[in-house]
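Assembly of the complex is requested from the two constituent chains, each provided in isolation within its own frame, with the hints serving as guidance.
So the protein sequences, as listed, match chains A and B.
Going by the numbering used here, the first sequence opens with residue 1, and the numbers climb by one from there.
Going by the numbering used here, the second sequence opens with residue 1001, and the numbers climb by one from there.
Everything labelled a hint here was simulated from the structure, so no lab data went into it.
As the structure is a prediction and not an experimental result, all values here were calculated from the model.
Check the hints yourself; a few may be wrong.
[Claimed, not checked] Dumping the calculated DSSO-like pairs for lysine-lysine here, alpha-carbon to alpha-carbon at most 30 Å: (1) B:Lys1093 with A:Lys209; (2) B:Lys1099 with A:Lys214; (3) B:Lys1099 with A:Lys209; (4) B:Lys1099 with A:Lys225; (5) B:Lys1092 with A:Lys214.
[What the hints assert, rightly or not] Covered, in the sense of this in silico footprint (three residues per stretch, anywhere, with C-beta under 8 Å from a C-beta of chain A), are these stretches of chain B: (6) 1010-1021; (7) 1035-1043; (8) 1049-1058; (9) 1069-1079; (10) 1094-1107.
Using N, Cα and C, we set each Cβ at its ideal position, and we do this for glycine too.
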Amino acid sequence: MKKNYSIFSIARNALSGHKNWPKMWRSPEPREFYDAIIIGGGGHGLGTAYYLAKEHGLKNIALIEKGWLGGGNTGRNTTIIRSNYLWDDSAHLYEHSLKLWENLSQELNYNVMFSQRGVMNLAHNEHDIKEIKRRVSANNLNGIDSEWLSKEEIQKMVPIMNTDNLRYPVLGASFQPRGGVARHDAIAWGFAMRADEMGVDIIQNCEAKQIRTKNGKIEGVETSKGFIRANKIGVVASGHTGVLAETAGVRLPLQSKPLQALVSEPIKPIINTVVMSSAVHAYVSQSDKGELVIGAGTDSYNSFTQRGGFNIIEETIRAMVELYPVFGKMKMLRQWGGIVDICPDASPIISKCDVEGLFFNCGWGTGGFKATPGSANVFAHTIAKNEPHQINAAFNLDRFASGKLVDEHGAAAVAH
Amino acid sequence: MLVIDCPYCGPRDQSEFSNGGEAHVKRPDGSQDISDREWGEYVFIRSNPKGLFYERWVHSHGCRKWFNCVRDTSTDEILEIYKLDDPQPPLKKFENKIKTPSGEPDVGSGNFTVKK
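The shape of chain B in the complex, shown without the other chains (with noise of 0.2 Å):
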């Protein structure tokens, strides 16, 4: 289970917390004019990398209060942790630990069946 650092009441188990998916997508401007197709995709679809993710938690069973994160989803690790008001911190901050776009890092990823 994930050790999430809540930005307000510290690091508490991944049970207590909520995921919110994808951080950071907007709402199209000028929803009445696009079309059937771009408005599904914003219904619809999110980004799904492996490796560096935004994302966002809500802590549900503590302060109740939403926070955003960076995840390696090959790994698991949280890389940061930041406040809704915070600048979205760029993902050349972060090393990504993946060589090819659907490969295994050296550590963490539990998938034993391509690790090299």
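The shape of chain A in the complex, shown without the other chains (with noise of 0.2 Å):
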């Protein structure tokens, strides 16, 4: 049954005390054979099953994840969107992306609240001038909003900001307006919510062990549900996605690293945009609750626990007082990590692989949550035609073979 959500709706279930709202998904036991499976139920693989359905009319299709939907990543990021990157490439798919956004609450019926209210990145020395300045003109060379703030218009926008009387000064920055934030959970739940209504199996705690192949070719996987037979396999397990591939003969360049965040005590409205800087690593914007949002670093080890260093949050909290004094005294809630699946050119791979019926979605590093709806998108594509999307066309796996990378360490959230 279509699921509608409206003002109607909402008074309906009042009167019955909201006992009666019905279940946003089924949860099936899997079947024998599936023409795609994909594995991870985060925002990225609900969303390329929701793609698979909706664009290219794959009936029998089953989502696979190894604990709740949106209980990985997507759960635990600081949930920014922008578009604001240097290279054509990446420009491209984050814009694609964002587009998507501005319209997803529409299409999917489901509120994702996404919020554009702009994203600065803080300049702090000579050379973040010119590379921020640099940026913003590829980004309007690009057709994507961007401009450069100077320190006085900073001032106006964010006046808690301290600008002068720290090490690293503030000395302009990049805004652009149509950047925000969204949702975390909605976005998984909505495209979840979505995608099961056409059809998609989307099974929970079903752990992929080992993806199995036979003469190059994809056979099924198997999972602590049994084996499910595939023609086509999409892996968007992030963090884990390395270990996956390992399983099925398949070297993946992704190194894994705890990418930690952690939330305030909710306060009243104080800062109405997203203010990221890359420099002091810090970044921070204000959630619906009044939470703060705040986003720290990667370890500098490989490891798989959702955890991080102590020393990491102590960086971030310190160049955080600095620009922000007031927020000194304020009291943490809550600290996390996410494991994150970094490149060596800090951008992601959307890519078949030499096993055929084997795609990858990966890489996405610290960034990933902004690309999603597109990310899903076009790795939809790739999957159905067994070939690129001309926007992912050079995230593929080749480039680590050509030399052809898409550095885009300066654009990435964080330095690393």
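Below is the structure:
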């Protein structure tokens, strides 16, 4: 049954005490065979299943997730959305995604709470200014809204910021007005609900253990609920993608590290945009509940523990308190880590590989949330057509042999 | 934060050290003859196991000496630290606490999403 949300459905359900809302998706047992299996029930994976069913007419699709939907990095990021990347290839990919975000609540009839409050990237030294101004110009050439803000303009927008009296003074910033934040769970749930309606089997608590291949072709996947045969498998497992690839004999240029974030106690509205600084390593926005959402960095070493080291938080908090002295006495409520898979060029891999029928969407590193709908959209195209969409053609695995990297270390949220 | 037992200085906080990535990576012989792909694999691809991992560290803010260690990336437990010219300890020596390739060990992973 198609589930629609409107003011009338809320009123109707209010009358019965909100006890009769239907389940948003089924919880089926896996079948023996699927045309396509997506491994990973985060935003990227659920979106892939959604677009496979919607745009490519695939009927027999399953999505398997070892925990619960959106419980990995989809639920662990700082929800920042922007498309101000330097190189053409990345600019097109992230802009494709941003355009999908702008219409996603309507398309899914599910409020993803996309709030275009603007994203600011601070410059703290001469080199930052040059690099950021270059990026602003590159963005404008690609038709992406991006502008340079002077220190005075920043002070007007974010009066609580300490721009002068700190070790690395704020000298200016880039600003993308169409950027912003969205609700992380909503994107997973919205995609899941609409994919389920089109017949996608979403199977939670089903861990992929081994991808089985035969004569260079996919056979299926061994899971905690038994073996499932498939013609095509798309792996969208973020930090664990490399581990799963290894079971199919594919080596990927990924390193998995914990990336941390934290939120403060809720306070009244104090910051109405997203402010990022890669030089002093702090970025912050305020959630609708009033909590400050603060992004910290990655650990220097590979790890699969979803915690991260305390020294990383210390560095971020140090920068935060210097940049916003007014936050000095706030309490932090929660801290967590997510395992991100980082590529040598800080760009993703959305590609097929040597094994026929096996596809990867990985390497999003520290900035995958913003790309959720765009990545899912072009990955679904890649799986369905067996060849990349022109938007993700540059993000193939061959670039690590040809050397044609998409080096986005400068535009990545945090330097790594 | 990890406490790393530098073989030259003793146990210190991890913030004194820099991580050097995977240990025992060998540059391929005859690099003029190998394909771009093989060269790309040497340049860009490193092991990324969940579980036992050979890695290099350098005591940057201490004695500035390099050394190797075996660490379990699923728990962050450091199992053995050895000097660069010591022989590579075989992985058989250590207990692998992970039941499936992507599974979680009983203690120390911090991953409550999937811990059963």
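Hints, verified against the model:
Between Lys1093 (chain B) and Lys209 (chain A), the direct Cα distance comes to roughly 24 Å. Compliance with the 30 Å bound is thereby established for this hinted pair. The hinted pair formed by Lys1099 (chain B) and Lys214 (chain A) meets the criterion: a straight-line CA distance of about 24 Å does not exceed 30 Å. At roughly 10 Å between alpha-carbon atoms, Lys1099 (chain B) and Lys209 (chain A) fall within 30 Å of each other, so this suggested pair holds. Proposed proximity of Lys1099 (chain B) and Lys225 (chain A) is supported: the alpha carbons are some 15 Å apart, at most 30 Å.
The suggested pairing of Lys1092 (chain B) with Lys214 (chain A) holds, with an alpha-carbon distance near 29 Å, which does not exceed 30 Å. With 6 residues bearing a CB less than 8 Å from a CB of chain A, the segment 1010-1021 of chain B meets the requirement of three and the coverage assertion stands. Note: the segment 1035-1043 of chain B has 7 residues with beta-carbon separation from chain A under 8 Å; the three-residue rule is met and the coverage holds. For the segment 1049-1058 of chain B, the proposed coverage by chain A is satisfied: 4 residues have a C-beta within less than 8 Å of a C-beta in that chain, meeting the threshold of three.
With 5 residues having a beta carbon nearer than 8 Å to a beta carbon of chain A, the segment 1069-1079 of chain B meets the requirement of three or more and the stated coverage holds. Here the segment 1094-1107 of chain B counts 4 residues with a CB under 8 Å from a CB of chain A, which clears the bar of 3, and the coverage holds.
In summary, the structure agrees with every hint in the numbered list given earlier.
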